[in-house]
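Residue numbers (my numbering), protein chains in the order written: chain A, 1 to 283; chain B, 1 to 313; chain C, 1 to 307; chain D, 1 to 226.
One or more hints might be untrue.
[Claimed, not checked] To give an idea of the interface, some chain A residues facing chain D are shown, with a C-beta separation under 7 angstroms as derived from the structure:
| no. | residue |
| --- | --- |
| 1 | Phe136 |
| 2 | Pro139 |
| 3 | Gly171 |
| 4 | Ala174 |
| 5 | Gly180 |
| 6 | Asp183 |
| 7 | Ile187 |
| 8 | Pro193 |
It should be emphasised that the hints constitute simulated quantities derived from the structure, not laboratory data.
All C-beta atoms in this analysis are idealised placements derived from N, C-alpha and C, irrespective of residue type, glycine included.
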Amino acid sequence: MAEVIRALRSAEEKIRARWSLLGPLIFSSFILAALLADLISPYDPWKRFNPYQMPGWEHLLGTNDMGHDILSELIFGSRVSLAVGFSAAILSATLGTAVGLFAGYFRGMADEVLMGITDIFLMIPQIPLIIVLAAFLRPSFWLMALLMGLLWWTALARIVRSRTLQVREMGFVAGAKAIGFSDNHVIFSDVLPNTLYVIAPKFMLTVASAMIAEASISFLGLSDPSMKSWGTMISYAFSRGGFINGMWWWYLPPGLCITVFVLSLVMMAGILEERDIEPVKVD
Amino acid sequence: MLWGKTARYAIAFFLIISLNFAIPRAMPGDTLTNLMGEDVHLSEDAMLELKAKVGVDQPIHIQFLNYWRDLFHLDLGYSYHLHAPVSSLIRERIKWTMLLVAPSIIMGAFVGTLLGALAGWRRKEAKSRLQTTGFLLIYCTPPYFLSMLALYFLGFELGWFPLKGFYQSGTIGDIAHHLFLPVLIMTLFSASRNYMIMRGSVIQERQMLYASYARAKGLSSDQILFRHIFKNAALPIITLVALDFGFIFSGALFIEIVFSMHGMGNLIYDSLLCRDYPVLQGTFAVITIMVILANLLADWTYGLVDPRVRWQR
Amino acid sequence: MALLDIRNLSVSFETPQGLVKAATQVSLALEYNETLALVGETGCGKSVVVNAIMKLLPANAKVDGRVIYRGRDLLSLDEKEMARIRGQDIAIIFQNPSLALNPVYKISEQVSESMILKKRSSRSRAEEISSQLLQRLGLKGRESSYPFQLSGGMNQRAMIACSVVLGPKIIIADEPTKGLDQSMVGQVLGEIRKAKEVNGASLLLITHDMEVARQISDKVAVMYCGEVMEVGKTEEVLQAPSHPYTQALLDSLPERGFLPIPGPSPSMIDPPEGCRFHPRCPWRRDLCSIERPVQKSTTTGWVRCCR
Amino acid sequence: MRLCSENVSMSYRTGYFGKRSTILEGANLEILPGRTLGLVGGSGSGKTTLGKVLAGLERPSEGRVLFGGRDIWKMEARDFRLFRRKVQMVFQDPEGSLNPMKSIERSIQEVLSLLKVPKRDWHERTLDMLQTVGLSEELLGRRPSQVSGGQNQRIALGRVLLLEPEIIILDEPTSALDISVQAQVLHLLRELQRERGMGYLLITHSAQVVSFMAHDIAVIERGRLV
């Protein structure tokens with residue numbers, strides 16, 4: 001009974017369920033576009049046409065100063081932007097989960113040390129540090145993803161740790177230990193699955209902030225000139241006069257793509273997060 | 001407990017600033033260039049003299065000690081591009097940045113927590129849903145893109161606001177006129193982050209038993225929110241806002257660039273273009289110090305307002 | 001006319017698993033100055049009933065029936081009118097006082113809050129009254145403590161003070177003794193009884209513990225699977241129960257040798273047809289699985305059983 | 001074999017410079033096969049900690065835990081594994097005693113695979129076990145949140161029984177259950193003891209449960225046995 005009531009959902013959520021499809025829908029169409037870029041893109045993004053064309057039938061979103069077709073740039077750019085966001089998030093999620101699980105499960109000295117390191121990493125001004133490092137090194141998107149991954153695991157480590165602390169006090173963890181399962185088995189088969197639902201939404205948010213950061217750092221011109229991301233496109237529009245001259249078709253589409261895709265991630269994270277809020281127990 | 005935290009901040013400060021010391025020395029390329037910036041052309045003699053001055057010949061630990069000594073003397077190095085000490089460059093720029101950041105963070109905190117709390121409390125109402133959608137959009141947009149949009153529509157198209165810079169005549173009214181749009185964007189940006197955190201926090205707190213007990217005591221909806229839930233929900237915000245400070249501050253740098261303001265953002269932007277490393281490193285050190293101070297302040301405030309922490313001491 | 005008259009109260013919840021019928025046609029009356037114990041096992045719907053009376057149920061609850069207090073149907077009141085009733089006329093004491101009190105306010109602040117907000121008392125007057133009340137409940141010198149500084153028992157008393165400070169006519173206590181050590185149970189019951197007597201109030205006590213019901217109540221109502229099975233004077237129900245479920249529940253008590261009730265607890269989504277206890281009843285007849293038994297009068301109350 | 005503790009003490013230090021707080025002090029207990037030792041104490045008396053120490057889940061800061069006369073913390077790995085199998089513990093929280101992310105069937109099979117039972121026997125062994133604790137097969141596909149507290153507790157008990165333990169430490173096995181369900185579980189425990197001659201350490205705050213179940217009684221107060 002208590003279990004059934006714990007699972008209570010308001011009737012209204014059925015209506016909300018339709019809204020909640022919007023996030024995954026946007027998300028998957030962007031992923032699809034990135035994967036099928038070669039098929040759906042009207043032109044080669046590096047092919048040159050007449051520059052500064054307004055949007056029209058020939059070029060749905062116009063062309064830029066080099067005469068590149070903006071729509072094609074946009075579709076191919078999604079590959080870079082998404083790849084940076086996801087690889088940074090995968091790296092940081094792996095690190096954060098490992099640190100959080102380890103610290104929370106073994107407690108003691110390991111916990112103190114790992115959490116001390118986490119606290120220090122939390123204090124690093126991340127974007128300024130990436131800017132400084134990128135200024136010294138040859139600009140590259142992979143470097144950016146790597147740095148973000150190495151800097152952004154802290155939030156997740158904290159969340160996973162506190163969830164692990166809860167889970168390890170539950171009967172089934174102590175029970176599994178008493179039965180004689182190894183620590184490895186307990187961590188990966190009992191503890192980890194029970195932390196997944198705090199990891200999943202946080203993962204989405206990490207992808208989101210990595211993409212915003214990528215766009216910001218590219219905006220400063222710290223990106224690989226041989227590749228184009230959404231951030232790079234805005235950067236060029238800004239530094240090469242597209243913005244000053246009011247060529248909205250040049251910088252508006254990549255900016256909107258970032259916003260909309262990030263929005264879909266945040267919406268999905270919201271749905272995943274709400275699931276873990278327990279409704280009021282009535283009995 | 002508080003002293004333990006302060007010690008952690010001290011360690012963090014030491015390590016991050018040391019990292020700043022290590023970066024130019026560990027990066028590929030000539031260390032001297034890394035320390036001085038690229039595209040600096042000097043005569044042989046001047047080069048040698050500089051080498052001695054910067055101290056790259058000395059053993060690393062001496063360099064390290066000198067680095068810290070200089071830092072305590074507020075000496076952040078010398079920009080060979082701008083021909084000025086980095087610390088005075090930053091001092092000159094940072095007040096303009098603070099003029100943008102300080103009011104925005106304060107207003108953003110008020111607006112964000114207040115509206116976020118109401119939205120979390122009445123989250124089913126159409127009005128708060130609309131509001132949440134609005135803040136969500138801002139939350140999901142890179143701040144510089146937001147600035148570009150605002151500047152394009154309100155500046156170019158409607159002509160309500162000047163397009164660049166801080167002031168033309170230097171009167172207060174003029175400065176305010178120039179500052180209005182960037183401060184607005186910055187406030188919305190920082191408010192959107194606080195809004196999301198506060199809304200989530202209230203949604204969690206409203207499930208707590210004390211909230212239903214307050215209702216059972218016969219309190220009205222507003223009384224439950226503002227007398228009971230708000231304080232509990234806002235407490236974690238103090239820490240989160242401080243942790244967010246670095247991110248918000250970085251956002252301000254980008255906003256400055258778009259609005260061509262004479263602050264730290266453009267200092268960084270310009271020094272990136274000509275790889276003026278001393279300036280980049282100096283700004284990084286200053287931002288680090290500010291972030292750490294913000295967090296220290298937050299911890300102290302937290303200790304003052306939360307009775308549970310206050311009594312543990 | 002009873003002080004509080006619950007008539008055919010039904011509560012159900014919409015869930016993804018189906019409609020949970022948490023309470024079905026519950027009828028109870030609480031007289032002036034009376035203590036009524038509502039007894040039942042986890043998930044029988046007893047907490048749902050009191051939360052329905054106080055209108056504290058979550059939004060997905062569907063409530064039917066009437067709850068009449070002094071000639072007014074509480075279920076038809078809007079939130080504003082109901083807020084006026086809560087605390088002043090009907091007060092509730094939750095289980096788990098350490099979570100029900102707000103962690104960031106002193107207990108004296110929490111007790112005087114109702115006085116200030118609802119009676120418009122001055123701050124000094126409210127604080128005077130609340131510290132008197134806290135002292136009477138044995139919390140002298142602890143008025144300016146925070147809940148986390150007090151033990152569970154002290155918090156329980158602080159919450160009693162919060163609930164009764166406005167002198168309510170009805171006190172509802174929801175499992176006030178759950179999870180307490182044996183020595184604490186008597187003490188807490190004593191406090192609640194005292195609060196009741198000082199205010200001349202009636203008490204509706206929710207409990208799973210028959211022993212608690214025996215100690216404090218005048219009347220007992222036994223709930224099973226969302227229905228009230230039996231109501232009567234405490235001695236009668238506990239000495240000579242009329243319903244087989246009450247009998248089985250008493251037999252499973254430690255002093256009767258832990259005789260278990262056979263079979264699993266019923267589902268609240270798909271409760272048994274006919275008499276809800278029939279699958280586990282030792283005296284089950286064919287009719288029991290088809291027809292819902294009607295209320296039959298007993299010496300001091302009624303029972304819902306065909307036997 | 002019997003399990004006993006000799007002068008077991010337990011203390012923790014909170015933080016680096018925190019005070020040492022003592023939870024257990026010089027506890028001597030003996031659990032014999034076929035008998036039930038009731039351990040009664042209020043909340044915070046240290047009874048659960050003593051249970052965990054006896055089950056070898058926590059290492060005492062002082063004193064020894066002996067199984068069959070040998071100190072478990074000085075055993076070789078192989079013997080310790082045997083001890084692990086022979087001394088089991090069942091916990092209080094009925095909803096947390098099984099992993100909520102696994103089906104009941106997987107929770108059971110996991111133990112069978114640990115015991116290196118061949119796969120073809122799994123189903124049969126599972127059914128045997130369910131019968132022992134009085135449950136039906138239809139529960140297997142469900143998650144712990146989809147069965148009642150009493151059923152969860154029976155499954156947790158059944159899992160432990162697969163290891164054929166000699167001694168089971170029962171930490172408040174029924175205190176979160178309803179009166180009627182509590183009665184069911186206590187009867188089951190008594191029956192199993194009669195059949196298998198296991199020794200129980202029954203940790204509880206309820207004097208009535210102890211007087212119903214236990215042959216011997218120990219009382220613990222603020223970390224000391226009295």
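Okay, the hints, checked on the actual structure:
no. : hint   : verdict
1   : Phe136 : 38 angstroms, violated
2   : Pro139 : 43 angstroms, violated
3   : Gly171 : 3 angstroms, holds
4   : Ala174 : 6 angstroms, holds
5   : Gly180 : 4 angstroms, holds
6   : Asp183 : 12 angstroms, violated
7   : Ile187 : 12 angstroms, violated
8   : Pro193 : 4 angstroms, holds
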